[in-house]
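Undergrad: Here is how the chains run, residue by residue.
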Amino acid sequence: MTVPGAWYLVLAACLFGIGAVGLLVRRNILVMYMCIELMLNAVNLTFVTFSRMLNDLGGQDAVFFILVVAAAEVVVGLGIIVSIYRRRSGATADDISSLKG
Amino acid sequence: MSLLAVTHLASASAWAVYAVGALMALAGAGGVVLQRNPVHCALALVTTIFGIALLFIDQGADFLAAVQVIVYAGAIVILFLFVIMLLGVDRKEQRAPEKLKGLIPVAILVGVVALAELLVLVRVHYWATGSKAGAGALNGPGENVQKLGQSIFTAYLLPFEMTSALLVIAVVAAVVLVRRPSPAPPGHEHRTVVGGRGTARSGPAPARATVAERGTPTERGSGASGGAEQSGSTGEVVR
Amino acid sequence: MVNAAYAIVALPLLGFIINLVSGRRLGEPVAGWVGTVAAGGSFVSTLIVWVTMLGRPAANRFSDLTIFTWFPVAGLHVNAGILVDPLSMTMALFVTGVSTAIHMYSIGYMHRDPGFDRFFVYLNLFLFSMIVLVLADNFLFSFLGWEGVGFCSYGLVGFWFQRQTAAVAAKKAFVTNRVGDVGFLLAMFLMFAHFGSLNYSSVLGTLSHGHATGLLAAAPGAIKGTTATAITLLLFLGAVGKSAQIPLYIWLPDAMEGPTPISALIHAATMVTAGVYLMVRVAPLLHYAHATSWVIACVGAGTALLAATIACSQDDIKKALAYSTVSQLGYMFLAVGAGDYVDGVFHMLTHAFFKALLFLAAGAVIHALADHQNMKEMGGLRKYLPITAITFGVGWLAISGIPPLAGFWSKDAVLSSAWQMSKVLWVIGVFTAGLTAYYMSRQFALVFTGQARWEEARPAAVASHEHHEAEGHGTVEGHEGTGPGLPAPAHAEARPKDPTWTMSVPLIVLAIAAVLGGGINFPAWHMDFLTRFLSPLFPAGTSVTISTGTKWALSLLTTAVALTGLGLGLSTWRTAEHPRLEPNFLRRAWYFDALVSATVSGPLRLAASGLAFVMDRKVVDGLVNGTARALGASGRVLRHLQNGYVRTYALGIGVGLVVLLTYLTFRVGN
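Chains as they are written, first to last, in my numbering: chain L, 1 to 101; chain C, 1 to 239; chain A, 1 to 670.
Mixed in with the good hints, there may be bad ones.
Stated by the list, open to error - Not everything, but these chain L residues come out facing chain A in the computed CB check (under 7 Å):
1) I36
2) D94
3) L99
In case anyone wonders, no lab produced these hints; they're calculated from the structure.
The C-beta atom is built at its ideal place from N, Cα and C for all residues, glycine as well.
Let's have the full structure, built from the sequences with the hints guiding it.
TA: And the structure:
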């Protein structure tokens, strides 16, 4: 017998919440990005949990694709971050604010 | 949800596995958010990933657990670390004063409220509609990998192909993004590589670990010296 | 007969199209002859149809021909059709006849005018519209002609549109007509609502093989009195606008800005009689609407008197004749209101003859005097313009009601029916007859007798003409004639002389008609042709019944009054200076125009400027601009949301997430 699925969901929710707060609080761009990855992991956990709860393979397929997309996203995002840092070193998220109204 | 009714009979070992995985995940998450040094944050992220992989195995997603470790911990976090080291952000973190006052309390409030609502929603039974995704049953004969592979290559072939294309696009994007704008006349090839695989410290001559454009003089002296000033960094800032 | 009937309508239309397309190429005078031949051909066709009709028995003279179906809409079926019956033939006869004469006259009158071809285009179009008006077999097709003549009047009054006064007068004519047309339209709506059709045969009834049907049978209670009154009153409103009765007569004097042939044709003989024709046509309806008949008679009498008083003090030769036309139209309406439709038509006929004659003769005078129209600067012209003087004299006597000319018989008949209706109206009519004789005599005396005041005015004119010639440009001072853009006629004649044959022949023909016209409806010796011709059209019981003795007495009294007026006029106006007889309020036409301006155009102008400057500029523009400004302001306020900090954007996403989750929690949970 395994742990009931609700516990996993609660854990995933907590991870998601922590990731969200971290995204909003931290100023280092790379740490913000890591919080995003944290949120993605939480979602993956949710999918797998539901896959088990509903006895459906679709959840695991979703996780598969999420992993691929997350990888691609990281590549592009880090490329952007590197381009930003070329212009000025030590930039935080707050310094990249010239696109304003 | 008959599973919930049965779950009270979960054995202690299952609970133990769950506890360890959860603890690792939560500890890692807290570490990511709270640590000053970005490298420490990355390592905390690895912890989270391992915890989640453990939970995956616990739920029968073996293949995914493996992929999680290989891809996430083995590639993505490494990539993060490379960039951290390349850009040298670990020393300059959090010195500038906070420009947006009041953001942090609001952010924490938002997070707490979101979390609370999620928890409420999780406890409610109507969260899942119960309709099948059409990929087949999870339990049943056959290995997890086999079933997963079968569903991906038959039912979800199109998303599979699209994500393949997405990966190619991502690679192209990465190359384009970090390309140095060059004043060279057309006809010369430009080859740059993201990130520096700098291992040795810069010498008096502007030695670079990166392959620059052929035949194009660019100012590297200042860049190198500027990069050299940041002792402790193993790379150069490529200007 | 059928083919000839179509030719009546088709020939002027053909002339119009030919002149429209190739008038400029045809040039002068061929374009003029094209128009005249078209009009003449129409007249000949009318004669043929009329003669054929006379060959039929009196009870069988209705013939309804459909040219084509105009629009068959559900419930309303309107044909473009011709009704050949005694009344329409009478109208067509004199319309085409007088038109032909005036077409020929215009060839000479408009000589050397740069708009010669355009003139004949309009003339033929006018003739076509007028024929459609009188020959139509339903109200809507007739209304098409009604509007057509209104438009042609606009085009022709403003023929020399470069002149400001002419353009304004044309607009005034058209707009005033339109005010009346509202009545016509409303009447048509009422008719359709009540009868379900707009055909004359359906609304008014027909006479076939001796049996009268519909309203023509004059059965009591065939139509409710209020409906009939409403319809006829509204139609009378249209007639008031078209035929220049009170209060819509103000356009007719101003319409004298147009060339004199136009004044003769449109504003004396044809268009202004359209209103009378309309009221005569709906005689079956008037049979049931006695209130309207009273209104018509009173308005007619009042107009006759008012216009006659104004005509007594006008200096312009054409304006005097214009007011005279208004006055005589009043007589016609008086007859119609008194129920004597035949004599209304009779007076219309004779008036067409002598008024057209008077206008054409006045045109000859104006032409001879190089476009001078002020009677105070004329005089003694009968030595130089003998033919014109004689023909004008004939017209003068005719309109004054001197026996045995045509005017006497028709006016007498009108006054007899007025006597039968109301003595007051009769008194007004007789007094107006006296005034008519007086002002026409004044006019004759001022123009043709007395000293030649034009000789004093002339040297200045001659000198100014030569002066203009020398300078190479010429604009005739504000008078009509050869157009404002044309150089003054070279070699301004030192002596005025009679016009060319194209202008004299119509004068003579009309003079003969004015003399003999009484024979159309002579009250004795069974020569009352018109009465017998037209009476089948009118419900029974609408003829005048006075004893012959009374009639003789009334005629003698009227003649005496006319002779008195005539003598007074001739003797008083041997000299031209009688300021006490021409008070200012008469010269200014009882300040009626000023009254209309103050009560109607003043408030209208205020309303318009209010709408334009307050409503449009402030409210509408304010709304539109205000919307733009508000959008801009809100944009300026909202753009601060984009402060460039990614973390605030992420916070926004987080807040949105919270909102969504809240919604889900409270929807799903409970």
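Undergrad: Would you list, in rising numerical order, the hints stated earlier that this structure does not obey?
TA: Result: hint 1 breaks, nothing else.
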